[in-house]
Amino acid sequence: MNDNQFLGYERDDGSVGIRNHTVIVSTAPYANDTVKRAADIVEDAIPITHPLGRCQTKPDVFQTYRTLLGYATHPNTYGAVVVAHAGEIVDGDELAEDIAETGRPSDSVNIHREKGVMNALKRTVNSAQEIAQDASAQKRVPSDMSNLTFGINCATSDTTSGLCQHKATANAVWRLIDEHGGRGCFAETPEFFGGENELAERAVNDEVKQEILERVGHWDERLQATGYDVRGAQPTPDNMDGGLTTIEEKSLGALVKSGDGPIQDIIDYGAKIPRDSGMYIMDTPGHGAESVTGIGAGGAHFMVISTGQGHTLSNAVMPTIKITGNPGSAERVPEETDVDVSEALVGDESFEWATDQLWDEIVDVVNGKVTLSEALGESQFAIHRIGPST
Amino acid sequence: MVERHVAIVEPSDNVATVLRDMQGGESIELNIDGETKTIEIAEDIGFGHKFAIQPIPNGETITKYGKSIGNATEDIEPGDRVHVHNVESNYGRGDLADDDQAKVVSE
Numbered sequence: 001m002n003d004n005q006f007l008g009y010e011r012d013d014g015s016v017g018i019r020n021h022t023v024i025v026s027t028a029p030y031a032n033d034t035v036k037r038a039a040d041i042v043e044d045a046i047p048i049t050h051p052l053g054r055c056q057t058k059p060d061v062f063q064t065y066r067t068l069l070g071y072a073t074h075p076n077t078y079g080a081v082v083v084a085h086a087g088e089i090v091d092g093d094e095l096a097e098d099i100a101e102t103g104r105p106s107d108s109v110n111i112h113r114e115k116g117v118m119n120a121l122k123r124t125v126n127s128a129q130e131i132a133q134d135a136s137a138q139k140r141v142p143s144d145m146s147n148l149t150f151g152i153n154c155a156t157s158d159t160t161s162g163l164c165q166h167k168a169t170a171n172a173v174w175r176l177i178d179e180h181g182g183r184g185c186f187a188e189t190p191e192f193f194g195g196e197n198e199l200a201e202r203a204v205n206d207e208v209k210q211e212i213l214e215r216v217g218h219w220d221e222r223l224q225a226t227g228y229d230v231r232g233a234q235p236t237p238d239n240m241d242g243g244l245t246t247i248e249e250k251s252l253g254a255l256v257k258s259g260d261g262p263i264q265d266i267i268d269y270g271a272k273i274p275r276d277s278g279m280y281i282m283d284t285p286g287h288g289a290e291s292v293t294g295i296g297a298g299g300a301h302f303m304v305i306s307t308g309q310g311h312t313l314s315n316a317v318m319p320t321i322k323i324t325g326n327p328g329s330a331e332r333v334p335e336e337t338d339v340d341v342s343e344a345l346v347g348d349e350s351f352e353w354a355t356d357q358l359w360d361e362i363v364d365v366v367n368g369k370v371t372l373s374e375a376l377g378e379s380q381f382a383i384h385r386i387g388p389s390t
Numbered sequence: 001m002v003e004r005h006v007a008i009v010e011p012s013d014n015v016a017t018v019l020r021d022m023q024g025g026e027s028i029e030l031n032i033d034g035e036t037k038t039i040e041i042a043e044d045i046g047f048g049h050k051f052a053i054q055p056i057p058n059g060e061t062i063t064k065y066g067k068s069i070g071n072a073t074e075d076i077e078p079g080d081r082v083h084v085h086n087v088e089s090n091y092g093r094g095d096l097a098d099d100d101q102a103k104v105v106s107e
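Keeping their order, the protein sequence lines are chains H and L. Here full-length UniProt numbering is used: the first residue of the first sequence is 1, the next is one more, and so on. Here full-length UniProt numbering is used: the first residue of the second sequence is 1, the next is one more, and so on.
These are calculated hints, taken from the structure and not from any lab test. Be careful, since some hints might not be right.
Derived DEER-like restraints, expressed as beta-carbon distance ranges [said to hold, decoys possible]:
#1 V204(H) / P55(L): 38 to 44 Å
#2 G377(H) / H85(L): 40 to 46 Å
#3 H85(L) / G217(H): 26 to 32 Å
#4 R20(L) / D33(H): 28 to 34 Å
#5 E94(H) / S12(L): 51 to 57 Å
#6 I32(L) / V370(H): 55 to 61 Å
#7 H85(L) / P142(H): 44 to 50 Å
Keep in mind that this is a model prediction, so the values were computed, not measured. Glycine included, every Cβ here is placed at the ideal spot set by N, Cα and C.
Please model the complete structure; the sequences and the hints are all you need to start from.
Given below as structure tokens:
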């Protein structure tokens with residue numbers, strides 16, 4: 001194995017995972033308990049539960065469906081069991097078929113069809129058990145780093161974010177893109193406010209440039225349509241405690257984490273991140289649980305969460321590596337701090353040093369080292385919704 | 001000696017970020033765009049918060065990263081703390097949408 005390789009799990013669809021998960025996916029709130037109980041029983045199975053999948057209009061149905069499918073067919077997922085309640089608009093059988101098409105083992109369990117939750121639970125456990133055991137027999141093999149997609153997100157930003165840790169994050173993601181031919185993806189569209197023109201100038205063509213500006217404008221319209229001032233919601237109270245005054249200041253700092261290289265495209269929430277090397281934007285809200293869930297559905301292998309004040313933000317399928325440059329946070333929330341680069345901000349270390357600290361951790365994590373959140377079993381899952389329930 | 005625990009991102013910025021807790025009444029030396037300037041910190045400012053390095057009249061643009069981060073809502077003097085009490089955003093202002101003041105103001 002050379003510096004351009006890592007040890008990963010090869011999939012039939014051509015992707016390569018850095019983890020080998022068995023996931024159990026709920027299609028509606030009424031299947032959530034069955035999913036959680038089954039995941040409690042089967043060692044290492046990951047439950048995907050949410051309050052959506054029923055009484056939604058088409059745009060939300062598509063968004064929910066592609067997010068769930070994104071997790072069930074994620075590069076880090078070996079196989080999946082889908083659990084539906086009855087006849088949902090997010091169809092469990094269709095989801096299981098789409099999973100199987102990627103070469104992954106899958107099963108579709110329907111609580112009504114099984115004549116109740118106890119039968120459904122037994123079948124879910126048995127299917128997940130079989131998938132998890134098969135998964136455990138698969139070996140890691142040397143794979144090219146060009147297969148990797150690097151997700152990026154902010155969390156509880158403060159004024160140190162844009163001055164320090166975002167710089168190391170940007171250097172690391174561009175190292176993967178420029179030196180190894182990989183991909184990067186960042187998100188949080190309302191956090192482009194104030195920096196959107198400069199960001200749009202980085203687009204590879206006029207079409208992508210206009211699309212970025214239109215999507216940013218759309219978020220401002222959505223916020224104005226509430227009739228309220230966004231202040232207090234953005235920046236959040238913890239952002240303000242950390243010294244951030246306005247959404248513009250938060251945005252300009254937030255954009256530092258994307259570096260200054262070209263933007264290939266801006267894609268829908270939860271959509272697959274394209275295979276071609278380069279940097280992509282996913283159109284998501286700034287709400288961390290929703291943006292991270294979206295980028296995970298897009299197939300990012302791992303995510304660097306660049307935080308100011310420290311954060312529990314994490315994901316069960318896509319490991320999250322948390323970096324901070326705030327010396328107080330590294331001391332205050334050590335179990336949320338995978339990489340502390342504060343010496344580059346208040347000490348004598350350089351940003352090159354900070355970048356190397358982060359890169360070394362990334363290399364370890366893609367080869368199998370568990371992150372702090374993985375070791376603690378911390379994760380959140382929140383699909384962004386577009387419109388009202390019906 | 002020039003204070004090292006202060007970050008000025010771009011020479012055109014009119015605010016600076018403190019990288020240690022600062023006390024009201026402290027006199028600090030800054031290098032602003034090649035010139036050394038002494039500023040007295042008006043009140044206690046916690047790690048990561050900002051102060052003005054130039055006079056900023058009410059309504060004028062607050063500049064950081066070389067770009068607008070909002071407008072002053074009162075006259076701000078060098079050394080004054082700059083935060084939510086004297087700055088307002090130009091985005092997401094549904095509260096101002098009726099009188100058309102919420103139009104996006106870009107750099």
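Here's how the hints hold up against the structure:
{"no.": "1", "hint": "V204(H) / P55(L): 38 to 44 Å", "verdict": "42 Å, holds"}
{"no.": "2", "hint": "G377(H) / H85(L): 40 to 46 Å", "verdict": "41 Å, holds"}
{"no.": "3", "hint": "H85(L) / G217(H): 26 to 32 Å", "verdict": "29 Å, holds"}
{"no.": "4", "hint": "R20(L) / D33(H): 28 to 34 Å", "verdict": "51 Å, violated"}
{"no.": "5", "hint": "E94(H) / S12(L): 51 to 57 Å", "verdict": "55 Å, holds"}
{"no.": "6", "hint": "I32(L) / V370(H): 55 to 61 Å", "verdict": "46 Å, violated"}
{"no.": "7", "hint": "H85(L) / P142(H): 44 to 50 Å", "verdict": "57 Å, violated"}
Hint compliance for this structure: hints 4, 6 and 7 are not met, and every other hint is.
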